[in-house]
Amino acid sequence: MERTEILEELKSMMGKYMHDEDKVKLADITDDTDFVKDLNMDSIDLVDIVIQAENKYGIEIKNETISKLNTIGACLDVIQQRLAEKGQQSGVQHF
Amino acid sequence: MNRVVITGLGVVSPNGINIPSFTCAIRNGISGIHFRQELKDYAMGCCVAGVPLEFDEHVLSKYLSPGVYKSLRSSTVKYALTAALEAWQNAGLIMNNADVQPETGCIFGNGVCDVEHMRYAIQMFENLEVQKLGVRHIEQLMTSAASAFIGGLFGLGNQVMANSSACSTGTEAIILAYERIKSGHAKRMIAGSCEANSKYIWGVFDAMRVLNRNHNHDPAAASRPMSVDSAGFIPGCGAGALILEELETAVKRNATVYAEIKAGFVNSGGQRNGGTMTAPSPYAVKKCIETAIKNSGIHPCEIDLVCGHLTGTTADKIEIANWAEALGRKGKSFPFINSLKSLTGHCISATGSIESVAAILQMQHSFIQPNRNCENIQPEILGLISENAIVREPMEREINTVIKANFGFGDVNSCIIFKKFHQ
Chain A
1 MERTEILEEL KSMMGKYMHD EDKVKLADIT DDTDFVKDLN MDSIDLVDIV
51 IQAENKYGIE IKNETISKLN TIGACLDVIQ QRLAEKGQQS GVQHF
Chain B
1 MNRVVITGLG VVSPNGINIP SFTCAIRNGI SGIHFRQELK DYAMGCCVAG
51 VPLEFDEHVL SKYLSPGVYK SLRSSTVKYA LTAALEAWQN AGLIMNNADV
101 QPETGCIFGN GVCDVEHMRY AIQMFENLEV QKLGVRHIEQ LMTSAASAFI
151 GGLFGLGNQV MANSSACSTG TEAIILAYER IKSGHAKRMI AGSCEANSKY
201 IWGVFDAMRV LNRNHNHDPA AASRPMSVDS AGFIPGCGAG ALILEELETA
251 VKRNATVYAE IKAGFVNSGG QRNGGTMTAP SPYAVKKCIE TAIKNSGIHP
301 CEIDLVCGHL TGTTADKIEI ANWAEALGRK GKSFPFINSL KSLTGHCISA
351 TGSIESVAAI LQMQHSFIQP NRNCENIQPE ILGLISENAI VREPMEREIN
401 TVIKANFGFG DVNSCIIFKK FHQ
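Chains as they are written, first to last, in the numbering used here: chain A, 1 to 95; chain B, 1 to 423.
Among the hints, erroneous ones may be present.
[What the hints assert, rightly or not] If you only want the chain B side, here are some residues facing chain A, beta carbon under 7 Å, derived:
1) R209
2) A231
3) N267
4) T314
[Said to hold, decoys possible] A few chain A positions that, by computed beta-carbon distances, are all more than 10 Å from chain B:
5) E2
6) K11
7) H19
8) V24
9) K25
10) D28
11) I29
12) D34
13) S43
14) N63
15) E85
By construction, these hints were calculated from the structure, which means they are not laboratory data. These numbers were taken from a predicted model, which means no experiment stands behind them. Just so it is clear, CB atoms sit at the ideal spot from N, CA and C, and this is done for glycine as well.
The whole structure should be built from the sequences, with the hints applied where relevant.
As structure tokens, this is what we get:
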């Protein structure tokens, strides 16, 4: 799954947890964007987003990993990594 | 203002169901965390918990009417009553079934009632069997159930109430009781808190992804405050109870004085400045500690031991930074610090009272409870304080002054200072 595709889905999930005045910031986010410092999000809501991503993609992210997902890039990295591992386990080939 | 001392202790903890067994467990670093098949059956990620497995409620049958005892279902009430009973007897007080004691009260907190009991009542209701429920449920389901039962057991005629401040509840209860005596409104108070043995409450923490799921195969290693591989806290349950007395009253009856409370302070970060519903504001935490110290008249250098909140989550290193700044002591000058949760798990609303009992026992018996499962300390913590401050083996050491704090959801804090009693 393409990183940009995951990012768009992540942004859609994040939007539901953001104040209206902060949502404009979603247009300019980069890998370095910090959920709490830059987007004014509550760290506990980030856990909810990760749980949604787990359910959506059928992956599992460990608790200690979740606590380190401070930025957009870190979040995308982990989702991509888990998707790749899932693909290997199920024998699915990605082209 | 009256001086306030502690003259009685009682506990029902995962690693000790009375003061002698608890003292032995904390002195030697014995864990009370066990694998719970029930948690696995309910598909929880964390399947271990701190549960007082040897707890025997039978002792209560001697003190309660047969009707009350037979209908006791709430584990919060059972733990609270048992701990309070031990504290009362430990203080050398006698049971008086005839008279009301107008100078004695009780502040005994909890987070929520025993949800297992609530579920039973709801299920009866849903099954259209509410008329068969019986009469003795609301008295155990109300927030003030524990304090109400304790008030009745001892005939308390002063303030009898429950406080509720999440994980700050237990320490806050002691501070509220301390203030009641200090201001002259009571001469004696039973203070404490309790937490039910309830998979439903632990399940909602599991859903928040804050419980450690990595040590289901090794329960005693599961609670890992300050450790580099900590991955969440371990839930626990039980109760702690303390008898607080005005000094004169205690001296007059030749009571054994375990410690003096020098000061206590509670505050909130207002869920601003880094504080949220679930994360404490560092500013408010430091303010709480600093104010307690200021009110105590003690210099931070006099503090021998910090009994931290330290749950085994990513918040541990932030807490240590807050302690170091508030005390103005870093590196080698930082006092000893420990977390009872490495042995008991996090007993949630009971944690402050159980940990306060532990703090006083360490002072009374001159030892420091070792931090279990802390072989490899987080590097961020070692950048703030000396490795030697984190005791990992049983240590005999005279302790004169202990500072203890707890922090709860809602961005609420409590900090209390105990000192060895000197006339």
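Just double-check E85 (chain A) for me: nearest Cβ-Cβ distance to chain B has to come out over 10 Å. For E85 (chain A), whose nearest Cβ neighbour in chain B is about 18 Å away, the distance exceeds 10 Å, so it holds.
Does K11 (chain A) sit more than 10 Å from chain B, CB to CB? Non-interface label stands for K11 (chain A): nearest chain B Cβ at 22 Å, farther than 10 Å.
For S43 (chain A), which was marked as not at the interface, is the minimum beta-carbon distance to chain B over 10 Å? violated (7 Å)
Beyond 10 Å from chain B, beta-carbon-wise, is D28 (chain A)? Since the minimum Cβ distance to chain B is about 24 Å, D28 (chain A) lies beyond 10 Å and the statement holds.
Least C-beta distance from V24 (chain A) to chain B larger than 10 Å: holds (23 Å)
Is H19 (chain A) truly not at the interface, in the sense that its beta carbon sits beyond 10 Å from all beta carbons of chain B? H19 (chain A) is indeed farther than 10 Å from all Cβ atoms of chain B, at 14 Å.
Confirm or reject: I29 (chain A) is not an interface residue toward chain B, with every Cβ-Cβ distance exceeding 10 Å. holds (21 Å)
Least C-beta distance from N63 (chain A) to chain B larger than 10 Å: violated (5 Å)
Would K25 (chain A) pass as off the interface with chain B, using Cβ distances and a cut of 10 Å? holds (19 Å)
No chain B beta carbon within 10 Å of E2 (chain A)'s: Given a closest Cβ separation of 27 Å, the condition holds.
Hint validation: T314 (chain B) versus chain A, beta carbon distance must be below 7 Å. Holds or violated? holds (4 Å)
Report holds or violated for the interface hint on N267 (chain B), using the least CB-CB distance to chain A and a cut-off of 7 Å. violated (21 Å)
Checked against the numbered hints given earlier, the structure breaks hints 3, 13, 14 and satisfies all the rest.
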